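Listed here are the chains, written in short residue letters.
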Amino acid sequence: MREVSTEQITTAVKKMALEAAYELGDDVRAALNRGLDRETSPTGRDVINQLLENADIAKEGEFPMCQDTGLAVVFVELGQDVHIVGGDVNEAIQDGVRQGYEEGYLRKSVCHPFTRQNTGDNTPAILHFRIVPGDGIKITLAGKGGGSENMSRVMMLKPSDGKEGIKDYVVQRVKEAGPNPCPPIVVGVGIGGTFEKAALLAKEALLRPLGEANKDPELAEMESELLDRINKLGIGPAGLGGRTTALAVNVEMMPCHIASLPVAVNINCHAHRHKETAI
Amino acid sequence: MSEPIILTPPLKDEDVVGLRSGDRVLITGTIYTGRDAAHKRLVDLLHEGKPLPIDLAGQIIYFVGPTPTRPGKPIGSAGPTTSYRMDAYSPSLIQQGLKGMIGKGSRSQEVIDAMVRYRAVYFAAVGGAAALISRRIESSQIVAYEDLGPEAIRKLEVRDFPVIVVNDCEGNDLYRDGTEEYAVK
Chain W
509 MREVSTEQIT
519 TAVKKMALEA
529 AYELGDDVRA
539 ALNRGLDRET
549 SPTGRDVINQ
559 LLENADIAKE
569 GEFPMCQDTG
579 LAVVFVELGQ
589 DVHIVGGDVN
599 EAIQDGVRQG
609 YEEGYLRKSV
619 CHPFTRQNTG
629 DNTPAILHFR
639 IVPGDGIKIT
649 LAGKGGGSEN
659 MSRVMMLKPS
669 DGKEGIKDYV
679 VQRVKEAGPN
689 PCPPIVVGVG
699 IGGTFEKAAL
709 LAKEALLRPL
719 GEANKDPELA
729 EMESELLDRI
739 NKLGIGPAGL
749 GGRTTALAVN
759 VEMMPCHIAS
769 LPVAVNINCH
779 AHRHKETAI
Chain P
-2 MSEPIILTPP
8 LKDEDVVGLR
18 SGDRVLITGT
28 IYTGRDAAHK
38 RLVDLLHEGK
48 PLPIDLAGQI
58 IYFVGPTPTR
68 PGKPIGSAGP
78 TTSYRMDAYS
88 PSLIQQGLKG
98 MIGKGSRSQE
108 VIDAMVRYRA
118 VYFAAVGGAA
128 ALISRRIESS
138 QIVAYEDLGP
148 EAIRKLEVRD
158 FPVIVVNDCE
168 GNDLYRDGTE
178 EYAVK
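The listed protein sequences derive, respectively, from chains W and P.
The first sequence: position 108 = 616 (the numbering used here), numbered continuously.
The second sequence: position 116 = 113 (the numbering used here), numbered continuously.
The set of hints was computed from the structure by calculation and includes no laboratory data.
Predicted model only: the values in this text are computed from it and were never measured.
Be careful, since some hints might not be right.
[Stated by the list, open to error] DSS-like cross-link-like pairs, simulated, lysine-lysine; straight-line CA separation at most 27 Å:
no., chain 1, residue 1, chain 2, residue 2
1, W, 567, W, 646
2, P, 70, W, 523
3, P, 182, W, 567
4, W, 683, W, 671
5, P, 70, W, 616
6, W, 723, W, 740
7, P, 182, W, 616
8, W, 740, P, 182
9, W, 683, P, 152
10, W, 523, W, 783
11, P, 37, W, 616
12, P, 9, W, 671
13, W, 705, W, 783
14, W, 675, P, 182
15, P, 152, P, 9
16, W, 705, W, 646
17, W, 616, W, 740
All chains, please: the whole structure from these sequences, using the hints.
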């Protein structure tokens, strides 16, 4: 059995929290450049150019890409042959988030739901564990912004709504979100499972690199059709009108109850903060 | 695109009435920050008939909660937050003489109506261009509600701060019109 220390985990999480806030992913940069090539609105082109310049400034390491550096959502794929030593793994991850947000001058954006009192260190982060075969650990950190998260929804459709109903719901959701979630956006769609699993699938869909289609040809086609329909809405960069409303639509699906058709739409802004580490 | 309009607060009615939805504007001078919690406190004071900690007449409020300031810098990253969360409060502040708001995202009809009635405008800054925007902020000073941390009210000195007029005081809306222009039917 392979031993991994909580210290290694804390260090990895801290590094990812920092990098996610300062370094725009290569996949996102490429998608913004593709958008620039296609965008017909002068204002839309101006906005995309500003976002690319913004990413260059952030990369210098003094100003995070966005003032909303997010609520940290951490996904852990824990190999069943790993033995974690040195303390509580949950606390090790929270410590990594705490240290990363403090040392990186990142905004602490977590508060009590009623009093709105800030917890002061951006914890608690949201943790999702999955036990997998093997002796490795894969940790993914997403710094989820509030503006785009607020535009996300879970909907329990009727089985009779079918595939068309799902597609219409996703497009309608993006239309209603309009300029609010900082377009161009990334759209994560979770289909099936249960109420909470659909939401988790939608969030996991956001972790797939932009431009990489679902391996299932039917879902890949659905992603492509949804992206096309969303970019015809006219919302555009910053919502000021244009053809680049979404950079990608990623769909994940699993079986559901015979009575149900859960659909979740998780919207992410163009900062699309997420980093991955293998230990 | 046409040349940007230069504005320096405090703004008078005549500065505001000439602005049209879609105009690019560069702001130089003093603006104030405020978001959810600060807005609630300001409006609570108005309801209690008490004075506000800042005089809003002619001023612009920027909806932002910046990242912590690094040593030697005037401010951290400071891009706009989503404005609809301030919709419940903005009409009361517009009534107090507030002339401009900077944020991102659509406003409610109540806010749009208040802008028409009392002559005020809503500007958008580019959401997520926070590092770029921070370079146009020359100084930052907390003037109220320090206990709110990133949500405290700050007085900012800005130079060539880039915004675009979304809602003018004739009820036009760039989000609606821009989307209609580029929608493929």
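- Item | Hint check against the structure, violated hint numbers in rising order | When the structure is compared with the hints, numbers 3, 7, 9, 12 and 17 turn out to be violated.
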